[in-house]
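Asks: Line by line, the protein sequences give chains A and B. No gaps in the numbering here: position 152 of the first sequence is 152 in the working numbering, and each next residue is one more. Just add 204 to wherever you are in the second sequence, counting from 1, and you've got the working numbering.
Be aware that a few hints might be false.
Claimed, not checked - Beta-carbon label-pair distances, calculated as ranges:
no., chain 1, residue 1, chain 2, residue 2, range
1, A, Ser130, B, Ala356, 39 to 45 Å
2, A, Lys78, B, Gly385, 38 to 44 Å
3, A, Ser85, B, Ser366, 31 to 37 Å
4, A, Ser85, B, Thr292, 32 to 38 Å
5, B, Ser285, A, Ser130, 31 to 37 Å
6, A, Ser91, B, Ser285, 46 to 52 Å
7, B, Ser285, A, Ala152, 45 to 51 Å
Derived by calculation from the structure, the hints in this document are not laboratory data. The beta-carbon is built from N, C-alpha and C at its ideal position, and this holds for glycine as well.
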Amino acid sequence: MPRVKQALIFFAVASAGLALLMATSAYAGLGGVPGGNGRPLFEFGLLGSGALTSSCDSQAGTCSSSLEALVNGNVIRKGATFTDSMTWSLSSEIASAGQSCFVATGTGSIVTRRGDQINYLFNGLLCGNSETFIPSSLNATYVVSGGTGRFANSVGSGNFTQNNFMVGSVPVDHQKPGATVTNGPAGIVRFDGLLTARRFSSAR
Amino acid sequence: MTFSKAAISVLAALALGVLVGSAAARAQAVGPSPIPGQTLFLFSFIGSGPSSVACDEGGNCTSTFTGIANGSAIGRQAAVSSSFSWSTANGGIVSAGNICYLAAGTGTMTTRRKGQLDFAQVGLLCGPIDGFSPAEFNGNFIITGGTRKFAASIGGGSATASSDSGGFVLLFGEGSLTWKGKAPPAG
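Next comes chain B alone, as it looks inside the complex (with noise of 0.2 Å):
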């Protein structure tokens, strides 16, 4: 009888503290930090949504997306709106039957607590040069300001974005952020 109680004390609290330990594995991984008071963390989000394109007679061409984004700082459902541009005129990097430009932009994410996040992005947009559908964006975001819990924040990172024929993009981006305070937990 006592050593049923004790083995049941044992496991429960075995598993309480693999539980936390668990837990505390998911905490979002911090790096030393260049901006005093500011917590530096690992930053991903991913979000999909609805884009059109439009280009000029002198082959200036602009994309605009609008969307939603979950993500490891900015929770779920995010509202994320961006635009970027590029320019046909001077050609692009052509192989194997595929076109790139450097594009280029800038954008916000509002979150539903947290504030407003304003990125810029550049990168290389390449897609099948007969028709340039589905095409890709291969380049960095850097956070340029941002407001409430954001409106210190610095970082930037990787982002990578595909648009399908009808224009819908799937958007992924991972990199660093800082915010004054303890850092999300991983997305």
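One chain only, chain A, in its complex shape (with noise of 0.2 Å):
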């Protein structure tokens, strides 16, 4: 009988140990080398979405889009705003089978509930549909260029893509930014890289 209880008080301490050593490395992610800046390199990835507006000026052959959404991600948590805003030479296309890319720059901010921000840059390649250019797709990469708060300080890079495509079927004009987008143009957006943190979180 005592060895039936060891055996119980053993196995429960290992499931708890086994458990625990689990739970926190399924948590924490990669991570933990020096950033170069003093403090730690962490994975990081968002993902969200919201409305979208571009344009073209024909004479200039440039055009433009930026968006406005609401991502979530871990280092910046839940219900962050993300905003971004991109240009595009015509002049740089590459056209094959039906498709159109160009190479397309642009810069950005993360804004988190509580204040802190993110600024970013991003180069890539934007493709789409050569007639329609919808939907179009960014396969980009970010480099974070400063920041504000628990960002004050932060580096950090990745892979950057934005899904644009059509809500409904009637463009519209969108002033709010936001996820739900019921009607118009819409990008999801994701970054998968790294960041520096004065504190990190991996709550997603």
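Put the two chains together into one complex; each comes in its own frame, and the hints tell you how they fit.
Replies: Okay, structure coming up:
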């Protein structure tokens, strides 16, 4: 009987230790190497969506778009405001098989609900149907260029994808930032990369 | 005796609680969805299979791929087929002994239980100028439609694929996807 109790205690302790180890490793993700600014470097990801506006200047041969979205992510937590604006030159077109791609560059910011801000810039290929360009997709690299609050001296970089599509059938202007788009152009954004921050939280 | 029982109970509860917490931590990350009633979540998949390439005299080439994939929303052993084409007639982007072409096409993933997911892909297909093998694709995928669970899905992301000298393809994609209901477990 005592052996059974000892075995039960051992099992419970071992289970708790193993579960704690699994939970910790699953929660924290990769990270902890020096970030070059005296702070540790961690994986950084976000996902969200919002309304998109775009326009082209045929005389200048340039187009631009801007996105206002809500995003969730580790480090920034839930409900952060994500904005970006990008431009591309029509002369940079690469066309093949009914698709066109342009070199697009831009800047943006992520503002957490507490007011901390991450600024970034990005470069990549914006591709879509050669005639309608809807839907379109951006495959880019982002580089953190600055920030405020917890992100005042942050550095980081990674992959940035933005998928643009039309919700409904009638293009309309959207005045308010937010995720849900009932009718008109919208975009889904995702970051997958690295970031340094003053305090790290991995809750997504 | 009483202490031992209490210790066992506490430790067992701790183990259970942490295990539940651990499982919850592995749930797929979600984001604010652009479509009412649809959940936006991270989506990724890996796949492999054989491919073949054919080019006509005009320099129009098409690659056809069939294989299987596992992923966070598609489950295991989804049948994947895709084809994409590119033109060599106008030359490509040449640098350091390699050449890249803009390639685009469409494909489908047929899952075992959740229906079919349709997508389009576009990006750069690159390889050595001499022989163009191994070849690598680095581009985007865009969800264009689907059936059943994916009937109203939207999403997309980045996709990479590599093809060896025998045409065997390794496929990887990660991005976002929407569907009605809860997000699936992380893949």
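Asks: Between Ser130 of chain A and Ala356 of chain B, does the C-beta distance stay in 39 to 45 Å?
Replies: 27 Å, violated
Asks: Has the hinted range 38 to 44 Å been met by the Cβ atoms of Lys78 of chain A and Gly385 of chain B?
Replies: 20 Å Cβ-Cβ, so the 38 to 44 Å window is violated.
Asks: Could you check the hint for me, namely that Ser285 of chain B and Ala152 of chain A are 45 to 51 Å apart, CB to CB?
Replies: Holds - the Cβ-Cβ distance for Ser285 of chain B and Ala152 of chain A, about 49 Å, lies within 45 to 51 Å.
Asks: At the C-beta level, are Ser85 of chain A and Thr292 of chain B separated by a distance inside 32 to 38 Å?
Replies: 36 Å, holds
Asks: Hint says 31 to 37 Å; check whether the CB-CB distance for Ser85 of chain A and Ser366 of chain B agrees.
Replies: Holds - the Cβ-Cβ distance for Ser85 of chain A and Ser366 of chain B, about 34 Å, lies within 31 to 37 Å.
Asks: Taking the CB of Ser285 of chain B and the CB of Ser130 of chain A, does the distance hold inside 31 to 37 Å?
Replies: Taking Cβ atoms as reference, Ser285 of chain B and Ser130 of chain A lie about 24 Å apart, which means the hint is violated.
Asks: Quick one: are Ser91 of chain A and Ser285 of chain B within 46 to 52 Å, going by C-beta?
Replies: 36 Å, violated
The earlier numbered hints that this structure contradicts are 1, 2, 5 and 6.
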